[in-house]
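Order-wise, the sequence lines are chains A and B.
First residue of the first sequence: 1, per the numbering used here; consecutive thereafter.
First residue of the second sequence: 1001, per the numbering used here; consecutive thereafter.
Rather than coming from a laboratory, the hints here were simulated on the basis of the structure.
Being a predicted model, the structure only gives us computed values, none of them experimental.
You can trust all of the hints, since none of them are fake.
Mimicking DSS-like on lysine-lysine, the simulated pairs with C-alpha atoms at most 30 Å apart in a straight line are:
1. LYS156/A - LYS36/A
2. LYS404/A - LYS1198/B
3. LYS1529/B - LYS1160/B
4. LYS482/A - LYS1198/B
5. LYS1529/B - LYS1513/B
6. LYS1167/B - LYS1534/B
Footprint (simulated), chain A over chain B, 3 or more residues, beta carbon under 8 Å:
7. 1061-1070
8. 1580-1592
9. 1599-1609
The beta carbon of each residue, even a glycine, is placed where N, CA and C say it ideally should be.
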Amino acid sequence: MDARFIPEPVHLIRFAPELLLTVFATLIMVLDPLTKEGEKHRLGILALVGLLAAAWGAAVAAANPGTAFSDMLLVDGFATFFRYLSILVGVLTLACSFAYLKREQADSGEYYALLLFSIAGQCVMVSANELIMIFIGLEISSIASYVLAGYLRDDKRNNESALKYFLLGSFATAFLLYGIAWIYGITGSTNLAEIQRVLSNRDIAPSVNLIGASAALMFVGFAFKVSAAPFQVWAPDVYQGAPAPVSAFLSAGPKAAAFAIFLRVYITAFEPIADQWQAVLWASALATMIVGNFAALLQSNIKRLLAYSSIAHAGYVLVAVTTHSQIGTAAAMFYLAAYAFMNVGAFAVVTHFARQGERYVNIEDLAGLGQRQPVTAALLSIFLLSFIGVPLTAGFFGKFYIFKAALDANLVWLTVLGLLNSAVAAYYYLRIIVVMYFHEPSESVADLQSPAPGIQAVLWASAAATLILGVFPSWVLDFAGKAALK
Amino acid sequence: MEHLWLIPALPLAGFALNGTVGKRLPQIAVSLIAVAMPVLSFLWVLKTLSSLGSLETAYIERYFTWIESGALNIGVDFMVDRLTAVMLLVVTGIGSLIHLYAVGYMAHEGGYYRFFAYLNLFMFFMLTLVLGANYLLMFVGWEGVGLCSYLLIGFYFVRKSAADAAKKAFIVNRIGDFGYTLALFLMFVQFGSLDFGKVFAAVAPMPVEHSAGLLTAIALLLFVGATGKSAQIPLYVWLPDAMEGPTPVSALIHAATMVTAGVYMVARSAVIYQHAPLAMEVVAIIGLLTAVLAATIGITQYDIKKVFAYSTVSQLGYMFLACGVGAFAAGIYHVVTHAFFKALLFLGAGSVIHALEGEQDLRQMGGLRKKIPITFAVLCCAWVAIAGIPPFAGYFSKDEILLAAHHHHPWMYWVGVVTAAMTAFYVSRAMFLCFFGQYRGHHHPHESPFIMWGPLAVLAALSLFGGWYFKVPNYLAPLFPLAEGGHEMALVAISVAAGVLGIGVAYVLYVVKPGLADSIASALGGFYKLVYNKYLVDELYDAAVVRPIVHGSRSLLWRVVDVGLIDGCVNGTATLARGVGGVLRAFQSGNIRNYAAWVTLGSVAVLVVLGIAVGGAR
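Same shape as in the complex, but just chain A (with noise of 0.2 Å):
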């Protein structure tokens, strides 16, 4: 047997995020009979501590970096970032699980590990190097965010969640796969460097057409995957009927892996007919953002409104996409860690005011929060302001870096209707403070207990981060610089 099939020890060190949660997630599950009802959130306790020697692992993984089983893994400054950033993302969602779990009276060894696994999937995906590992990662990922979806299984809206996602994610992903097969049939290849190198040599010149048909057909896959249009169809009815905590989970964390290998896949296999794609993106950028804003301007329900708010914040990152440069594909990546956090924030206030079965999640009853429990409005003023990117707010850096990077590409068009778009959103995210400070308390603030610990210490933290990424973006954007792909 060749020896360079034998891992060796380093590669699995590369592979040490996805080992350990791997492990910890078993470790849940075996346990899981075990434990007592009523003692279950220790299981997720378990998952903290494995989410952390994920993000040890993680470091540890980025002092060693490198191609790992035969050229499979890619552990570099890239990959780094996106797992800090799935593991981050699942930290928050953790937090905000406890009070949910135990308000619902379903804590169960189960989502703790789904969830690990979801996260593993993630890392993997943002660290592949190839077509394969890719797939895989993403079917990791998303098996494990359909159980979560339809978590709650006597609840009607959980399983309609479920479903849909299930039934259009598995058809998109076909799609994905389908365009994978064609790719290997055109290149001989999966590996993303290889495929690079058929691509732009022009003696081999595979046929045009074919390899946009292949190219298309990943972009299914991808689009599907970040809610691009035209197929963003399933995530308001998805993030709607889906637990709040998972909602935030899904539109944060598996959003950010698919953007992270939409990026390394049309980056490198593709950046050589980054021509043929780039009009294709723009129009789909567009669209994202027309999309997502305009819709959420009628929407009454909390959670769908921020279901369409985060169709529309892919767009944004679409037009860091459509750039393919490497300014674009940082500001790409400093935009996902400021949504990550003020989305995960705005959700959890959410998950907090929805109350035991999630009854009140229409805008209006959050009339008179402002008064109620200011320093909750104070915090999802914040987000909300930070979506809408007013200075001072991460969200306003992850725009205007976005921006100028598309200026920079001479995008001057999307630039201006993304602007335009932005501003619309202004009106939808501005209702909801108005309707918190403005609006006469309704009945539904009346009996509201103060946020649980892990809600408050995801607020806390949430609003910190995102003020401090719009005071100081230079943290992460410097290393989401570094770390870009060329």
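Got chain A; can you put chain B on it based on the hints?
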């Protein structure tokens, strides 16, 4: 590392503590935090300066990149050179004394914690302004002190005059800041940096501009900023109104520190000004005009704080005169001595007002020297210092300025001397009206507690001996070389004589023959009224600027542009947007087969575009 960041961070911590939990803390704890932070900051400045040694060259600490965007690279960097050192000592030293004083002065006021939170925040921004190693960081401090000034002028915000004064200060400063920001843009475009080191290195080899040019434009725009912050013509109007704030605020912000920020900034930008003689000339003339104009107004005022406020404007004019004639060191020297005696004047005035339970009208005072002897004694120290009597503080710095002015243009010296006489006159007038003659009010004056007169005593000592002891121009010599030639004794004697004359005239008018001043005023008639009403500048601005803007805003901008055009567009857009949203929502049927159909249709579209249309076009 000297950890310069601690200097501003300590007061910031005080602000954070008192601002968040101060309401729930006992008053003693609030006072302790509020006073300890500036004092610790002062001690840290001393420690830093002693370990930095002679500071022949600037010491810079770079913390992190704040903004990086294309060619723009702004770091959070702090810098200490001898100029900074002087300012740091003044700000933290005088600042600590005033904080201590305020503990006594504000003891019975509501919003005690809020007052000290703002005051500490002010210290933070002022120290950032002074320490910043680039123009943008300086601007952060610049704007921050403006904010704190606004908050503290409007501290008694339920009183309409205080709220109005706060707004006036803020808006007038906006005009100045606009000039400052334009200067920043111009600098960035020309030099690609806002870093002091880089900008000055780029300017230094440039030829001196003898006509209008780029450096003149930058220098003048910076000076526009300075006229706002440091209350010079034409933007000085906010400072007298700013006396609506509590007296410690007037002393700290509107006399000793913040208003000198403009002088500091001009001195800091000396390299630019030295290459733009035209701008220097403008600075000198504006400074001189402000000095004269404000002194004349000061002569006629009856509110004790207003007298000192116009005096501040006038003294700031002297400082700009110094900068304008190239004697930057003399300007900073005057910043220091002025901080001593003007802080003392204000705090002493505060002590008088405190004694009279809020009375500020000089006509309601008189004969107080026996009733509040300590306050009288310390105010006498400030009096001789500002009047320029040797060997007290004001004498040294004013002399430096006047001699430099004489060297530049003799007529500037003579105008300066006349102003010096007026200065001595209006301060003596205030002192005589307040402390001599018979008591004309109906309160029961009582001496202030030790915590108030303690700081006053320190400031009194500084006013008496600070000018002689701290030879600022010698210390600043590595930055601003000392002028050639010695002191011309005749010129010195004339300016001292002018000061003595001013005191003498005031003595005659207000002590020997108390009726005489009024008959002179009525003899002057219209002119006196014009000066008493501050040359009607406020009315002029109101008629020429404020009312047209208000009127135009109301009739054109509001009714036509806003209601008609903008609301029309916005409502139209909103209707359209809602329409689009409605259409989009219709696609979201919730039916999974429809969704799958959309995915399929979308895939076909992407396939056609990417695989056939674009590919085939090649």
